[in-house]
Every structure is written in C-alpha cells, then in structure tokens.
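Student: Read top to bottom, the protein sequences are chains A, B and C.
Just so you know, the working numbering puts 462 at position 278 of the first sequence, and the rest follows in order with no gaps.
Just so you know, the working numbering puts 188 at position 4 of the second sequence, and the rest follows in order with no gaps.
Just so you know, the working numbering puts 484 at position 300 of the third sequence, and the rest follows in order with no gaps.
Derived from the structure by calculation, the hints contain no laboratory data.
Worth double-checking, as some hints may not be accurate.
Copies of the same chain look alike in the list, so a pair counts if it fits in one copy or across any two.
[Stated by the list, open to error] Result set (SDA-like, lysine to any residue): computed pairs, CA atoms no more than 25 angstroms apart in a straight line:
#1 Lys483 - Val535
#2 Lys560 - Arg314
#3 Lys231 - Lys399
#4 Lys483 - His396
#5 Lys483 - Leu290
#6 Lys399 - Tyr346
#7 Lys483 - Pro402
#8 Lys585 - Ile420
#9 Lys373 - Asn316
Since the structure is predicted, the reported quantities are computational estimates derived from the model, not experimental observations.
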Amino acid sequence: MPDSYLTQELQPIMTSTEPKSTVPKEGAEQTQQLQKEKKRGIFQWMKCNVCRAASFISGDMREFGEWLKGHSVVFQFIDWILRGAAQVMFVNNPLSGLFIFAGLILQNRWLALNGFVGTVFATISALILRQNRGAIAAGLYGYNGILVGLLMAVFSEKGDWYWWLLLPNMFMSMMCPIVSSALASINSKWGLPVFTLPFNILVCLHMVATGHYNKYFPQVLIEPARSLSNITWSEINVPLLFRAVPVGVGQVYGCDNPWTGGIFIVSLIISSPITCLHAVIGSTVGMLSGLALASPFQKIYDGLWGYNCVLACIAIGGMFYALTWQAHLLAITCAFFCAYLGSAIGNVMSVFGLPACTWPFCLSALTFLLITTEIKDIHRLPLSEVTYPERNLKYFKTIRKAEEADLTDVQT
Amino acid sequence: MPDSYLTQELQPIMTSTEPKSTVPKEGAEQTQQLQKEKKRGIFQWMKCNVCRAASFISGDMREFGEWLKGHSVVFQFIDWILRGAAQVMFVNNPLSGLFIFAGLILQNRWLALNGFVGTVFATISALILRQNRGAIAAGLYGYNGILVGLLMAVFSEKGDWYWWLLLPNMFMSMMCPIVSSALASINSKWGLPVFTLPFNILVCLHMVATGHYNKYFPQVLIEPARSLSNITWSEINVPLLFRAVPVGVGQVYGCDNPWTGGIFIVSLIISSPITCLHAVIGSTVGMLSGLALASPFQKIYDGLWGYNCVLACIAIGGMFYALTWQAHLLAITCAFFCAYLGSAIGNVMSVFGLPACTWPFCLSALTFLLITTEIKDIHRLPLSEVTYPERNLKYFKTIRKAEEADLTDVQT
Amino acid sequence: MPDSYLTQELQPIMTSTEPKSTVPKEGAEQTQQLQKEKKRGIFQWMKCNVCRAASFISGDMREFGEWLKGHSVVFQFIDWILRGAAQVMFVNNPLSGLFIFAGLILQNRWLALNGFVGTVFATISALILRQNRGAIAAGLYGYNGILVGLLMAVFSEKGDWYWWLLLPNMFMSMMCPIVSSALASINSKWGLPVFTLPFNILVCLHMVATGHYNKYFPQVLIEPARSLSNITWSEINVPLLFRAVPVGVGQVYGCDNPWTGGIFIVSLIISSPITCLHAVIGSTVGMLSGLALASPFQKIYDGLWGYNCVLACIAIGGMFYALTWQAHLLAITCAFFCAYLGSAIGNVMSVFGLPACTWPFCLSALTFLLITTEIKDIHRLPLSEVTYPERNLKYFKTIRKAEEADLTDVQT
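Only chain A is shown next, with the shape it has when bound in the complex:
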C-alpha cells in the first residue's frame, strides 16, 4: 500500500467502493440501486485509479524505487541522481528531481551541466567509499554535490562555459561524501542531520582558497558594505516584492529566474504539499525580514533574503518535527531567526570575500532542532524515521495513540 499523503486521506473513500454492492437484493428497486452503485463504482474506480497514479508519483515514490531494483543499474543510478537533486529541498522523489533539472536548464544550461556533474561525481565518490547503499539510493550523497557544482559555477568570475572549472568541481564533489560522513559522525551524537554543511564547507573552501585574485579560478568580488545604503520607501516596487517569493525558492539552487522558482515550487507540491507550503512561507518571511532590517531593495528582489528561510522553514515545519501547530509556529520563528542570521553571516563572510551560502539555514535549523522542551506536541522524529511531512505526521499520530493506550491501560 503506498504511504503517500494522497492515499492517506482518500483511503476511506476507496475502501467504501469495495464490493458491498455485490450482495444480491431482490426486486426492481434493488436493480436500480445496483445500477446506481455500479455507476458510482465506475466513477469511484476512476477516481481511485487517479489517486493511485497520484500516490505513485507523490511522497518518496518508494514503490518506484523498489520496482527499479530489478532493472538496469543505469536506470537506478539516474534515479539516485534525480533524487539527489531534489534532496536539497528534503524531497526524496525522482520526478521532483526531473522538474528541478528542467528549472535549472531554463535558468542556464552551463549551470545545469555543472549541477549534474556535481551530483554524478558526489554519488560515484560515495559508491567508491562504500557508504550506506540506502542513503545513496535516497540521494543523500547527491544533494551536496549538486549545490557544490551549481554554486561554484555561479560564483566563478570566468563566466559560462569555462571548461577548466569542471576539474575543481569534480574534486570538490568527490570530497562531499567524505565531509558528509565525517560530519555525520559528529552530528549523530545529537541525532542531527548534516543538512547542507558539506556543501557550505566545500564551496567556501574552494572560493577562499582561490579568491578573487587567482589566475585560474577567480571568484566574483564580494566586499563588505562600507557606506550607508540609500533606502527610500517611496521607491519600493511591490510587484517585485511579490515576485521575490518564487525567486527566493529558486535561490536555493542559485537561480534568480522567477519561472525557475515557480517550477521548483511545482516540484515540491508533487511530493509534499506541506513542504511546498512551508517553502512559500519561508520565502515570504525572509522578504519581510529584509524590509524590517533595512536591506537594500535589490537584495530583497533577488530573493537573497529568502532561500535560507525556505530551507529552515521546511526543515522545522514537518520534516524533522511532526507538524503540529506548535511546530508550525516554531518553523515560522526559525525562519525569522534564520533571516536575521542570514544578514549577520552574509556580513561576516563578505570580509573574506565569501557569500553566505546556506550557513544561516544550517545553523538556525540545527539550533532549533537541539531545543529541549516539556511541550509534548513539539516532537522531534528520530532520524531513521524521517521521510516526508505527511508520513512523519502519520508516524507521530501512531506513536501518540500507542502512548495514550498505554496510559489508559495503566489507569484502569
């Protein structure tokens, strides 16, 4: 039975279509009713099949992954790559990955190529290092690779189609599983995921190792602010502010094209509407924080205030905590904190000529995951049980019910 969020809600309907109607009844009235039920049945059958198809492509597409196991290694590998591309947004779904690559190609083909190379080499490196096969198949060794590839291309000053860039790209992508594995050894003491820390470390490593004044791999010049930015509220462009929401989602992959951001949002909704919702909330919170902290407007329009909040809001809102309304509020708080942190880290990193990358997301999400509280409805899931928000919620309800049953047993 597929465990998708779609089937989950539609199961009562689906079971109601089961052949109670086949019980024979006498007389014309019964025939009429039978006819009716049959008609309804066909409708239900259609609806149900749509559901099944939808459920097949939603969630983590586990069935698809299982089905692939019997097939060619090449197809499996492509599946892993696509899942890796989507895992940046915590989505374990090859179809979402396909959409994401489509969005990247729409943005810039050179960028997409670099992202692809990064994912491939990170996954190959994980295979060579014999990392956990299940984690590789879930794309958990690819998502840092795609980000390394994309962002190294974005921040290279040599512009597009500078083929030499693929060399450090491959090297750094292949380092991803090493850094991931090392960080996982540390973070596992607290049951924490590594998020995009390997990407942050490796891209910053590459950028600061070469720097702006390098002959082979010069980086875009980033400098700290040295004067007061001119902010006039009357000059604000409201449509661009609204456009900043999808752009913010796109900036997770370093894309400033709003259509690309839109495609990414669609790719999220396929797998998990809760994730999608929190992505949009996060991007909005980031935009508002930018206004509140007197950021230059262009930075807000470019979605640079949004992408960290997108990731932080997804991580806290339903992914690693079960989605109760308390967790939802916590996710929004985390997004605000992340926006503040984003501004701070951006300023600190600019001293070294570095961008903020997704450090703000990593640090704020890790902080919010480390909280201990006596509120029972803020329930952090064990890492091994984390899948996607809808299923996490189901899991949480199951164990909550089991606990309550235990309590009543004790009381009686």
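Given chain A's structure and the hints, the job is docking chains B and C onto it.
Tutor: Just chains B and C now, kept in the frame of chain A:
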C-alpha cells in the same frame, strides 16, 4: 536549616546557647551563675537572630523562594527577574538583583530599562517554551536576556531613548531560551554550563546583521587598530588604575561608572564573599595583564581588561570547582589566560566591527572546566549540585569525608 | 622482544639461526657442514646483532625508555623532552628528537633555544597539573610546546635574541597541557587525538592578542592578497621545486633550510620508514597542489604548501589507520584536500594578520579520521593502540587473523 555560609560557621555558637543552663543547681552560687548564663543567653539570642536574618538574605535565599511559592504569581515573577539579573555573576539571590538594578539606574536609566525589558522577555519566552521551571525560578533564563538588553543599548549608535530599539531587544531576548536550550543540549555531553554564550551569540548576531551602516539600527563603529598606540609609562595615572578594579566589575554589565561597580561588589558580598573576592581578584588580574601586554591606558582605565577576568575567576574559583587552594590558583591562572584571550578575541572581532563581549570569559572558563587531572583537590562539581561557593565547599567536604570513611572501612 | 619494524621482518631469519646445528651428526661430511653452519652462524650472529642494535634505536625505543626508568630523573626528563620534539611528526623516539634539535640548531640557534624552552616548560606544566605520566613520558605534552616556542620566535618582528620573548613563550608553553587536556576531553568522545590544535590555538592567541602594532611583542605583518600575482610558467625553477620537498618537511618546525629538512627526513627514517615515505609523499603533493592552484612560486619554493600535507599524510597513512593500500590512497587524497584547505585557511587567517599554522593539517586529518565506511581495510586503530606505522600494521594483522579464525569457527 538555612545553608548559608554565615550559619555554617556560626552554628557551633548557636547550638551552645541551647538550654543546658536550665538544669537546676542549688545555692546562691548557682543562682549567680544562672543570672550570668541568662545574660549571655540574651546576647547570644540577639546575635543568633542577626545571624538568622543575615543567613536569610545571604546565599541563594532558598527559604525566601520557597516562601514565595505560596504567594502571588506576580511576586514570584519579580523574584525570578531579580535572580536573573544577579545570575550574570552566578549569584542566585533576588536582593543582589535589586542592588544590580539600582546600580544600573545609577549608570543610565535607558540602559536599565533595556536590561529590564530583556530579562522580562527572556523569562516569558522560557515560560512559553515550557523550559524547566526550577531553572526559570533560579533566573537561569533571565541573565542572558539582561545582557542582551544592556549591550544592545550600549552599542547602539542612535543614543539613548531611541524607542525602536526595544523591538530587536525583545526579539533577541525571546531567542535567548532557544539558544540556551540548544547549547545546553550540546554542552551537557561534557557536563558544562552554557555561561553567557547565548548572549554573546545573539548580541553579535544583531550587531553584525545590522552593522555600522544601517538605517534603522546602526551600531557604534569598531575598527581594528591600524597603528602603534603611544604608550609612555611616565604618563600612567595610578589612581585611575586602582579605580579600574571596580569599573572592571561594572563592565560585566557594560557600566563604566565606578560607583555602579562598587554597588555590584556590594551585591556580591551579600550573597557570597568568596564570589566577591574572586571578582576583585579577577578585575585586578585583568588590569595587570593590560599593562603587561602594552594596551592603551584608556582601555585599562575603562575596565575593559577586567570584566571577562572577573567572570572567569568567579566561575573557576569556587563556583564550578570546589574552592581548595589548588582551585584558587587555577582560577588566577584562568584569569590571566582570559585576559590574553580577551585581547586576542577583541582584535579578531574588531575586523567584523564587533566588541569582544564575554566570549573570552566563556571560552577560557569552558577550557579550564574541561581539564582532567589526577590532582584530587581539583574537584569539578556536577552541574546539578552547583549552588554558591560556600555551599559547594560544604558539599565537597561531605563527599570527601564519605570517601575517606569508605577507604578506612576497606583498610580495617 | 623489541617490537620494531626491523625485527619484525628479520625475526624469521633470526630464529633460523637458532641452534638446530647443535644436533650432532657423524662423519667428515657432517663436520664440514657444521663448519659451514658455524660460519653462517657467525655471519648471522653479526647480522642479528646489527639488527638488534637497529631495532633498539628504531620504532619507539620502548626498551630504552624502560631501561631509563631505573636511572636519574634528569635523564628521564631529557628523554621526555627529546621524544616531545619528535612527536610533532608522530615519532616517539628520543634519537629522532636529538636529530631534530640538531636540525634546528643548524637553522638558527635562537629558534632552537625557544623550541627547547617551550618543550621544557610544557612538560613541567604537565607534571605540575599531574597529567597522565605515560603520556608525558611519550612526549605527548611536549610537542605542542616546541611548536609554540619555535613559531612565536619565527613570527616575532623583534628578530633574534630578543630575550623578553621568552616570557610569553614560557606562559604559552605552560598553557599547552591545559588546552591539550581540555581538547582531549572533547575529542575523546569520537576517539580522536588532539594533534597540534593546542599549538594552533595558543600561537594564534598570542599573535592576534599582540598584533603587528604592539610595543612589546610586535608580530610580522601578514596581509591578505590585494592584487593578481604574476605567474609566468616559463620562469619556473625546477630545481627549486625539487628542493621544496625537503623544505616542506622542514617547515613543519618553521625551518626553511633544505639541509634542516633533510636532517628531519633522516630522523624519521630512523624511527619508521613508512612515516618517512608519507612525509615525502605529502610534501610532494603539497608542491603539486600549489602549482595547480596558481600560487606565487616563491611560496611553493619555501615549502609553505608542503608542511601541512606532510603531517596529514603521515597521520592518515599508517599512523591512525592501519596501512593498507586503501588507507594509502586515502592518505594521498587527504594530502590534496589538506593543500586546498591550507590555501583557504591561509587566506582567511591573513585577514587577522595570522599565518595558517597547522590548522589545515588538523582539520583535514580530523575530517578523514571521522569517516565511517563499509570498506573493511580502512581500519582506524583505537587511540590506545596507536604506536608507529609498522607496529600498527602488525596489530591490525593480528586482529584481522583473529576475526577470520572466528569466522571459520562459526562456519564449521
């Protein structure tokens, strides 16, 4: 029985006043002696009552806290706030907190208001997040809030009574329990406290997120030294050097008024003379280190070399280690190390336009708490047993005696 | 029986010389054979004695250490100091230490004096703090001291024979065991060594606390690159590139004299040829990485790309991992990663006026030690079993055999 340091030493006297004298004796001689004893008894009774009153306000005023529990929530809340204000110096005592607020008002009323707001919102946030009630009642969620409030006001370039500042002040104060809780999850693996790390993180976050060139919340301009400072030993002002000792204590709360520092010293002596002694030693060590490392004199006079050493010296000297003479020496070493570290961190932070805050204290004290040694008299107390130096020492002696008893049992 | 790498391989020969030949045989033929065997025996006896002598000075000279225990404390202390000097390269051998001091004196006598003072005071401080006696005797508290002493002298702008420098040198050396002990408390949670982290922390502390513009202890001016360095491939000096290999080994101790580097290489080969081999490989990898990342040639010639890679390659190649060919490949990968990291950290630190010290080595080696993998031949040794590569390998083979025996037992 109150466990204060006062009663502890005076208990033998107090028990000697108990009615041995009531045993009847025959003859005039006896009557005379009875008279004498009665007279001594009254004197002792008075002395004893003074002791009891003193013991009631010294130490951690646990009795007062217990007594409050039956009363209005408002009074309890005020108690928590006052304890929070004093906990910056590791003092769990509402009366000390009252003195500290008095000192702050003497320094600057706008500062005091910000500190108050910070403490209140940090405590409220801890209540909302349902943190441990005992810890809240001990002020352990307030002390980061007061520092956040004070220091954000100190480093704001908009000057006093810029009311908008209260907004980020509230936000950052409310973040305190979140960061505290997250750091406690990490530090508890090594049995370490979080010290003022949440304050350091959040104030630096705010300052670097906005920076000097911000329209709404500009920060004071802090820049790295770019030239040799002119130091002429003949120009040194010895009285100002002596004044630097109380000023250094005051700088823990960002106050440069020596009278305020003096009030803080008095507030320490109320609760624990050992704490007070180490505060003064720490401030002196900091001042000497400043001279040794060729710091500009003005920085020394302003107590900027002292405040970290004050905290470090208190923490190691009797608070987290039982106060043996070895621990006392360790505390002085730690104060010197902390002064060195203070200069280093100050220079590093200035690159980002940030002050050193109390990072030097946190890092040096954590380092000295992580030491493992075969010296038995350097005994780190488990976090749950830490109260105040006098009682920590009593606890240490108890378990030492128990150990010795065990040993002799085994030998015989 | 000495456990040196020499005896290890030669034991079969040595045992073959044992008196099988004493079994009496009749007739002239037998006498002739006896004569032959006797001759061979003498040759073997000589060879064996050379081996024994060699084995005595190779490896960790445990026998010598044991033998010293019955002698004067002064000799023991000198043994600890010499071992401390060699432990920078993970070598626990007083003879290597002697060579290293010789190399230092060849480089610069003032430097050598500072290194000696650092080692002595670090060891004394460890004794005062009652650290583990076995660790002190192995020089594990001295190696940070020697580096602190050397590098503080190297980076002081006051030049040679500025006697006041000995004061901070002593203070910082005496802090070494404290920082070591604290870091060990943290790292032991993951079974990691502290490497040269205490040295890195303390030298950076001293340098940034005083800075370039200090009256008493000014540091050499280090500034970030502000323009494109001029690199013309035709100007490359190949002999200087080859010379960079021993210079890179020498730079571990801050020495740029190639002869000093050569002496250090000899000191390594005495104790462990595997260590020596990896040192040379590491230095070569560093040099190549410098070329690949378009570094100014002078930096490469000066061995500044090599020293971190030397240490990283030794640590991974046989010291903390058993030397299988997979571990060997991992060591080379680590050296490349370390070179990249070295450039990055160098640029970051230059913002604060600091050199890279051995941070790149520490961070890259720790990362590579934290990897978890399903490859069985990448076997990290428990810290308590780490001695030197040849013996580590023996230990690994022993437990591998025991495991296989267990497996076959289960199968049959």
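Student: Hints first: check each against the structure and report whether it holds.
Tutor: Now for the hints, and whether the structure bears them out:
no., hint, result
1, Lys483 - Val535, "both (18 angstroms within a copy, 24 angstroms between copies)"
2, Lys560 - Arg314, "between (39 angstroms within a copy, 10 angstroms between copies)"
3, Lys231 - Lys399, "neither (61 angstroms within a copy, 57 angstroms between copies)"
4, Lys483 - His396, "both (21 angstroms within a copy, 18 angstroms between copies)"
5, Lys483 - Leu290, "within (22 angstroms within a copy, 43 angstroms between copies)"
6, Lys399 - Tyr346, "within (13 angstroms within a copy, 40 angstroms between copies)"
7, Lys483 - Pro402, "both (23 angstroms within a copy, 19 angstroms between copies)"
8, Lys585 - Ile420, "neither (51 angstroms within a copy, 73 angstroms between copies)"
9, Lys373 - Asn316, "both (18 angstroms within a copy, 23 angstroms between copies)"
Hint compliance for this structure: hints 3 and 8 are not met, and every other hint is.
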